[in-house]
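Trainee: Join the two chains, each given in its own frame, into one complex according to the hints.
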Amino acid sequence: MINDRGGYDTGFKKNKIINRRMFIFSAAKAVIFFGIIGRLFSLQISENKKYLTLSDKNRLRETRLPPIRGEFLDYFGNTIAGNLKVYQLHIIPEQVEDFRYLMVRLKNILNFDNEKLASLIKKKNKQKPWETLIVSENLSWDEFSKINFYLHELTGAKPVITVGRNYPYGDNYTHILGYVSQVSTDDLINSNVIKARNVPGLRVGKSGLEKSFEEDLIGTNSIQRFEVNAYGKKINQINYEEGKKGKIIKLTIDTEIQKFTSELLKNKAGSISVMDIYTGEIIAMNSSPSFDPNLFLYGIDKNIWKEIKNNPSKPLINKTISGLYSPGSTIKPLVALSALENDVIKPNMKVKCEGKVEMYGQTYHCWKEKGHGYMSLKNAIKQSCDIYFYEVARLLGIDKLNLTAEKFGLGKKVLGENFPNEKQGIFPSTKWKKKAIGQNWYLGETFITGIGQGYIQTNPLQLCLMTAQLANGGYKIYPRIALKKNQDTVEQIKNKIQRMKKTSKEKDNSILKVTENFFGTKVKEYTPLYKNPENIKFVLDAMFKSTNELYGTSYKSRIEDPKYQFAGKTGTSQVKRITEAERKLDLEIDQIPYKDRDHAWYIAFGPYRNPRYAVSVLVEHGGSGSKVAAPIAKKLFKLIIDRHELREQITPKNKMNI
Amino acid sequence: MFFQSQLSNQLTFFQKIKSIDYILLLCVLVIGVISGFTMYISDGGELLYHTKSHLIRFSVFFLMMFFLSFINIKTWYKTGYLFYIIVLMLLVWASLYGITVSGSQRWINLYFINFQPSELMKIAIIVCFAKYYNRMQLTNVNKFNNLLIPLAILVLPIVLVISQPDLGTSILIALSGIIVLWLAGVNLKYFFYSSLILLISAPFAISFLKPYQKLRILTFFDPDKDPLGAGYQIIQSKIAVGSGGLFGKGFLKGTQGYLEFLPEKHTDFIFTLYSEEFGFIGSILLLFVYAVLIFRILKIGSLSRSFFGKFFCYGFGSAIFIYIIVNMSMVLGLLPIVGSPLPIMSYGGSSMLATMIGLGIVMSTKIYERQLIA
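Those sequence lines, one after another, are chains A and B. Under my numbering, residue 658 is the last one in the first sequence; the count climbs by one each step, no gaps. Under my numbering, residue 1374 is the last one in the second sequence; the count climbs by one each step, no gaps.
Careful: at least some of the hints might be erroneous.
[Claimed, not checked] Calculated lysine-lysine pairs in the DSS-like style (CA-CA distance at most 27 Å, straight line):
| # | chain 1 | residue 1 | chain 2 | residue 2 |
| --- | --- | --- | --- | --- |
| 1 | B | LYS1078 | A | LYS128 |
| 2 | A | LYS13 | B | LYS1238 |
| 3 | A | LYS13 | B | LYS1253 |
| 4 | B | LYS1078 | A | LYS16 |
| 5 | A | LYS124 | B | LYS1299 |
| 6 | A | LYS128 | B | LYS1238 |
| 7 | B | LYS1143 | A | LYS16 |
| 8 | A | LYS16 | B | LYS1052 |
| 9 | B | LYS1238 | A | LYS50 |
| 10 | B | LYS1253 | A | LYS29 |
| 11 | A | LYS116 | A | LYS158 |
| 12 | A | LYS352 | A | LYS413 |
| 13 | A | LYS126 | B | LYS1253 |
| 14 | A | LYS124 | B | LYS1253 |
| 15 | B | LYS1052 | A | LYS29 |
| 16 | A | LYS435 | A | LYS413 |
| 17 | B | LYS1238 | A | LYS49 |
| 18 | B | LYS1052 | A | LYS126 |
| 19 | B | LYS1143 | A | LYS13 |
| 20 | A | LYS13 | B | LYS1078 |
| 21 | B | LYS1078 | A | LYS122 |
| 22 | A | LYS268 | A | LYS595 |
| 23 | A | LYS123 | B | LYS1253 |
| 24 | B | LYS1052 | A | LYS128 |
| 25 | A | LYS50 | B | LYS1253 |
| 26 | B | LYS1253 | A | LYS49 |
| 27 | A | LYS206 | A | LYS244 |
| 28 | B | LYS1052 | A | LYS13 |
| 29 | B | LYS1299 | A | LYS122 |
| 30 | B | LYS1238 | A | LYS16 |
| 31 | A | LYS16 | B | LYS1253 |
| 32 | A | LYS123 | B | LYS1052 |
| 33 | A | LYS29 | B | LYS1238 |
Everything labelled a hint here was simulated from the structure, so no lab data went into it. Computed from a prediction, not measured in an experiment: that's the story for all the values here.
Bound-form chain B, shown alone (with noise of 0.2 Å):
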């Protein structure tokens, strides 16, 4: 073992070529292509500033995932507790300095571009799981320190997101900790405890919620009621996906697209325009791509020798699908409106960024698979 260990070092260029999981690599071309053309949509059938920087986006980090992927998975593991102090301090100084857009300080400006790492949390928040759980034995995983120091990790930037105030975010953020958390071994009785303090808190918490979010959450119970106001925007996107049909409308067909009914089409709601045009077949046919993806990530984590790249595959194909979910879910209706992104497919950089670095490092889980971590 020791010896395959050394040789995995020093894997050649070539092999490392050969080791790549190129199913993985066509199915994240496949959503690019395909995000390419819906964008094109939301810009109404032109070229325009959307469909360029979106491209540029995907190009410029799907190449960085690429490099990515030669990194060692070593060097993913030891430098993860700084991977997070730092993206918790990104979060810290956008609630200090930050710029805010449309009522929520979650910005900061780097001079060449500016970004969100609330979205990077998403990522930073694995891998530091990934880590800290990567040695534990198992039966030290429920002591009441091991316990409270995952918490807090975990509760910080939740905190930092919600104040900006980003509820979306800061949920799949949550998210994606639990997943690893449970991944981890803690004691199923901590997840119902808390899930039954959730509940009873419920409606406490919604008093504090901003206005905007409790209209969000009673319009998304009975839209009807402002077909105008608050419940457009989910009456308008089930008409868009539902008006698709078996073959859609055809591509640049769209009537709903034009309507500007959403004030973030090309972002959270880019799938209704896709659906729109290519209907059930397409849908069906962009959620397989997605379904390969996230299968593929967590075929990879189940060969990692290491507990950390399987930590960190299980909870990123993980929480790839729970951003997919989430963001479908709102856009048919079946959740109230958060903002969440679906991967890949929404135009924002940030969202990209944190994809394609995640991508990266399942990608050097795969080629370092037998690498050790101990």
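Here chain A stands alone, though its shape is the one from the complex (with noise of 0.2 Å):
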């Protein structure tokens, strides 16, 4: 550039290029400027009177309201879970011409105290000027009057009767339904659908099927449009746009049942289950020690909250999936079973039952001291023989046992999606145990699985649903809390039972296996669970033996006419290990300390002579199977059968309509 003249020039040209566009591009800019002040003086100047109106009159302020919660309906049609009309007082603050003296007034109009009131003005302050504060959620009757009276004093202040969840059956249905509550920063989270209906006021479900089914109950938000003028105020509603109100969900259940087990399960803690033997339907589901849902709508008291909390007896735990048991006694009928299926064993092996006695150095007892003497299968199930069974597990080996037990459901969920909280449980295996503990197994555990004792652990659907199963013949069915449009009627499956049937005869069960494995779980096929259908009524023999027969050990709580009569298994399950000085001692139930009390199990189905349905029983620390569940299983039938047509009277066209 220095040396070369030339460049120099050319240095010089371009400069002088450069300058000259740069020239004519900026007498361009000028130009566009000079536009757009022409533009802004337009808008701003010569049409400011237009726009000034335009911007008073034409304000639309949106407001969503909470959208119609979906029903849930018992199998007859009565609401379980519905909506009431409550009274609200809602406070939009931009409308408030002074807040704070506002606030005063219903300070003492209401009642508030000081925590309230602070708690509200922090509220208002997170959230915009227009957008609706709620100051009271559920008003009685009586504040809501005397708002209305004072209104003319409290500008802002909006009265509102709006539609809240009630629960009519209190803690009937507390366990299957769960309760709705305010809207909780990890629901934002978790559900985009309550993320996208979130508004001041609305409910969604916290446990349950409420919280299952939240994307179908939940509907859509109404939208109200308004014009409003500079300063806020509502001019008028210009359009309302009706949201859609949440499905209806039927259920299974039938109320009145449910009603009764809370009876039967009045001050005791338990579970109580009810399940039809062919559809699967679940007609009572009751867990106890419950409490009132209702409470927990507008905000729970802490009091209450806390008394709830620190129960015992876990109110919050629905014991009937959640909670995990050792099944006792109530497995030796499915012992008895793959034992037979396995053909490790005949009905006719006779083992002497001393009250105890002694393998590879351990000890092992009966239940009964004296001993039962020269006992057969059939003996064994009926007087529920601990020593039998010790010899039947050890012939079968707890591997086998865990194959026959886990196609009859136990270790899995019952219900799955239907409830998050639901625990599949455990049913041992010498590949579970490596696996979970990282030892081998050992053979003295194989004999305490045989008596549902040791690592074993059922929740009382799972053992509900291991009845059903082995009351139907031993058919695989698939229990549902939910009424679905399309399903099986009971004519429907004992059909598809009678062809299963025919064809299982002519041919070999493994292609059955193979064709189960292959559908998946995804057809709904009522697959056969057994080898030789003989075993099965053999197991059913015993179960009816136990109940209806002089030594069985729920006799007492048979019911003789056949219009009723059940067929059942008790279960007394321990909940530690009993030592040598305890068993010497043999305390009666009332000098043992509550939490030292054995579970009370009973199993059954009913009608015997033509079964339709299985019901758990298990009463937490009661004590013995055959003292406590027994009875409560003997007037629970009463009710069950007395409701069988009455249940059947709803026939599946009246179920789809809804």
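Mentor: Here's what the structure looks like:
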């Protein structure tokens, strides 16, 4: 550039062309710039009046209202979770002239404490001035009319009649339905549907079916569009977009039976389930103690909440699906079935029970100290002889038993997605122990598994399903609590089972297994869970004898009328290991501390001639199954059978319409 | 001359401070203050998140600009291509692993901050072209090769940004590049031909647009067709500005702003809030400050000894002008709605960062105005 004269020249020229082009461009800029100013002038000066009126007039405000939640109905169409009129007080802060004054007035009328006042002011500062502030969510009629009386002095306050959740049967349905309450941050994070519908006053499911059916139940918001003036006052409603109400969900539960189960479990901790052995419909499912879900709707009182939370009987836990217990002797029919199926014993095998037996250096006891004497398999089930079942378990081995148990649904969730809090329990095997505990399996553990103690953990609903699948002749069924369209009726299921019987006679069982695996569980096949139907019959007969023949463990709870006659199996499961010293003491139940008392079990099906329903009863720390649990089942069966006709009158068509 | 350039390399700190363009600095500060007040309006008259973070960004980036201005213009020249390539890489990164916000994948996550490389590209393209044409002799500018390479440099980022999709920013990048090409002396006929091709291919191009972009163009021509839908923004924006009148409704007395009529009221539509409350007078004042700012940038360019500095200042000054005009026209209903922020005023860290880097380079051009780059 310096040395090269020509370069300097072109450099000079280049400079010139840049500046010239920049000048042209700048001139264009100036023109455009004045164009923009002109536009500003025309909008702000010439047409100012037009836009000013537009700005005063054309103001839209949208108010989204909480959607109306779908109801829950029982099998007979009674509302078990519905919507009720509630009285509320809303404030839209921008319409209030003097917020503090209004607050003080309201404080006097409604008797707030200062804490509530502070939380309201905090809430108000967080939201936009035109968003609704809910001052009180559930006013009594008195308070509501008082507000209306003073309304002319309370500018900005809005008494509102809206709908809120209501559970007419109180604590009867708590563990099935769960409850609804205010939206929490977690709810907003976990569900986009809730996030999209969220408005002040929205209630969402917190547990149970209210939570798992949330997206069906919630519905859509209604939207009010208002024109407002410069001060935010609503001039008129432009349109009202009606939201859709949430879906109605119909359950398989019979409220009368459900209510009766509550009564039976009154002042006890425990669970009752009732299931249709063909359709898998759950007719009652109760866990005691319970609590009133209506308490949660508008924020629960701290003291009541503490009381519920600290209750040693754990009302917050749904024992039917989330409570895990040793099944005790109720497992014996299944152990017997497994042994027969695997051909390890003959039903006439004899074992002498002397009250205890020594095996591999360890003493194992029977519940009957004096011993049962010589026992056959049927008698061993009937009288619940532990010694016999130690021997059966020894011959059978844990892994074969595990296969049978899993077929019948132990160690697996029963209702699956409906209840996220359902626990699947454990049915142990050598493999399971290696994986979970990292130890080898000991033979002694097989013995105690044979009488339903040790690692084995089941929830009451699993035992109910097990009983149902035995009672229907050994066929797989699909438990459900909500009714859906196009479900097989009892007749269809029975026909399918009949067909299955024929084919299973003709074809080898392994082919059936293959098809079962191939279709997975998606195709509802009522596959046989047995190899030989005679074995199932044998077990059912043994259960009949246990209830209806002398010396049967639940003989005292029998019903002789064939209409109500049922068959069952008792169970008494130990909570802790009984030491030799305690065994000698032989304490009465009242003398044992509550926490150490046995759980009382009873599983049953009926009517015996033509079975239709399966029942499982658990009383936590209730003591003996035959003394505590079986009498409950007896009372329950009467009602169940009495309501059978009514239930049958609900035709599939009726079900589908809803 | 040699002596002088030696001298300017050894400017003392005091000399550097003395040669800062204080008018330019003042303009930036005034716009910063105005933007702070406007952000306060957009937050509904409270010192909330947007206001705070906007003011923090402004302060941080303003200081950064100050530091950048002490870097010798030669350093910018040397690293010109590198700068472009890094930003291009970031754009590729954004298109591969970027964060998608409201349907457009334009953000990248740098752990401590998310930012949009497309905003930086607006500056990088000018730096790159300024370097490219710095030494080139006028006679070589219109040779085939020298036309093809800039075209590639220009098209590459545009394609990346359009695919995000972000029509507004890609148009602004294109315009920024084209200005420098024009200044560099590219033959007029090429501009003529390419605009002719653009015009002919426009109908085809429109068919490739996303439905929402088509809708925006259609509603621009007839906003009243769908006053509650796509035309809502334009109508409400015009009402806000128009109702401001001569003196405005007064600070915090605007009403349109509360209507939530625009999802982007604190970014692209920030001017409507300002204009509603400060009126015609306020708007003219803001435009005047912007005009002075641009004028100072161009003036610095005209005094620069190096072609690099000249190209950059002319290019950047014109680019700022275009950003302002595109934004204003959009807000005042003169152009369809495409996303384009108002420099410094709009909420948005990436845009602010890019503007401040640009201003830093301009200041550095001023301080080292005697620096030769050969």
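Trainee: Evaluate each hint against the coordinates.
Mentor: Comparing the hints with the structure gives:
A hinted pair counts as satisfied when its Cα atoms are at most 27 Å apart, and B:LYS1078 with A:LYS128 does not qualify at roughly 52 Å. With a C-alpha separation of about 47 Å, the suggested pairing of A:LYS13 with B:LYS1238 is violated against the 27 Å cut-off. Taken as a hint, the A:LYS13 and B:LYS1253 pair is broken in the structure, with Cα atoms around 56 Å apart against an allowance of 27 Å. At roughly 25 Å between alpha-carbon atoms, B:LYS1078 and A:LYS16 fall within 27 Å of each other, so this suggested pair holds.
Restraint check for A:LYS124 and B:LYS1299: the C-alpha separation of about 53 Å exceeds 27 Å, so the hint is violated. Proposed proximity of A:LYS128 and B:LYS1238 is supported: the alpha carbons are some 24 Å apart, at most 27 Å. A C-alpha spacing of about 20 Å is found between B:LYS1143 and A:LYS16, which places the hinted pair at or below 27 Å, so the restraint holds. Annotation: proposed proximity of A:LYS16 to B:LYS1052 is violated, straight-line Cα distance about 47 Å (limit 27 Å).
Our distance criterion of 27 Å between C-alpha atoms is met by B:LYS1238 and A:LYS50, whose separation comes to about 11 Å. Among the hinted pairs, B:LYS1253 with A:LYS29 is inconsistent with the structure: their alpha-carbon atoms are about 33 Å apart, more than 27 Å. A distance of roughly 18 Å separates the Cα atoms of A:LYS116 and A:LYS158; the hinted pair therefore holds under the 27 Å criterion. Between A:LYS352 and A:LYS413 the alpha-carbon distance is near 38 Å, which puts this suggested pair outside the 27 Å criterion.
Simply put, A:LYS126 and B:LYS1253 have alpha-carbon atoms about 21 Å apart, close enough for the 27 Å limit, and the pair holds. Annotation: proposed proximity of A:LYS124 to B:LYS1253 holds, straight-line Cα distance about 21 Å (limit 27 Å). Between B:LYS1052 and A:LYS29, the direct Cα distance comes to roughly 34 Å. Violation of the 27 Å bound is thereby established for this hinted pair. Our distance criterion of 27 Å between C-alpha atoms is met by A:LYS435 and A:LYS413, whose separation comes to about 20 Å.
Distance restraint check for B:LYS1238 and A:LYS49: the Cα-Cα separation of roughly 13 Å lies within the 27 Å cut-off, and the hinted pair is therefore satisfied. Only pairs whose Cα atoms come within 27 Å are accepted, and B:LYS1052 paired with A:LYS126 is accepted, the gap being roughly 17 Å. For the hint pairing B:LYS1143 with A:LYS13, the CA-to-CA distance comes to about 17 Å; that is within 27 Å, so the pair holds. For a cut-off of 27 Å, the pair hint linking A:LYS13 to B:LYS1078 stands: about 24 Å separates their Cα positions.
Of the pairs offered as hints, the one joining B:LYS1078 and A:LYS122 is violated, with about 56 Å between alpha carbons and a cut-off of 27 Å exceeded. Taken as a hint, the A:LYS268 and A:LYS595 pair is honoured in the structure, with Cα atoms around 13 Å apart against an allowance of 27 Å. Annotation: proposed proximity of A:LYS123 to B:LYS1253 holds, straight-line Cα distance about 24 Å (limit 27 Å). In summary, the hint linking B:LYS1052 to A:LYS128 is supported, as the alpha carbons are separated by about 18 Å, within the 27 Å threshold.
Note on A:LYS50 and B:LYS1253: the hinted pairing holds, with a Cα-Cα distance of about 19 Å set against a maximum of 27 Å. At roughly 17 Å between alpha-carbon atoms, B:LYS1253 and A:LYS49 fall within 27 Å of each other, so this suggested pair holds. Restraint check for A:LYS206 and A:LYS244: the C-alpha separation of about 22 Å stays at or below 27 Å, so the hint holds. Using a Cα cut-off of 27 Å, the hinted pair B:LYS1052 and A:LYS13 is violated, with the two alpha carbons roughly 50 Å apart.
Distance check on the hinted pair: B:LYS1299 and A:LYS122 sit about 54 Å apart at the alpha-carbon level, beyond 27 Å; violated. The suggested pairing of B:LYS1238 with A:LYS16 is violated, with an alpha-carbon distance near 43 Å, which exceeds 27 Å. Straight-line distance between C-alpha atoms of A:LYS16 and B:LYS1253 comes to about 51 Å, which puts the hinted pair past the 27 Å bound. For a cut-off of 27 Å, the pair hint linking A:LYS123 to B:LYS1052 stands: about 22 Å separates their Cα positions.
At most 27 Å may separate the alpha-carbon atoms for a hinted pair to count; A:LYS29 and B:LYS1238 meet this at roughly 23 Å.
Taken one by one, the earlier hints fail for this structure at numbers 1, 2, 3, 5, 8, 10, 12, 15, 21, 28, 29, 30 and 31, listed in ascending order.
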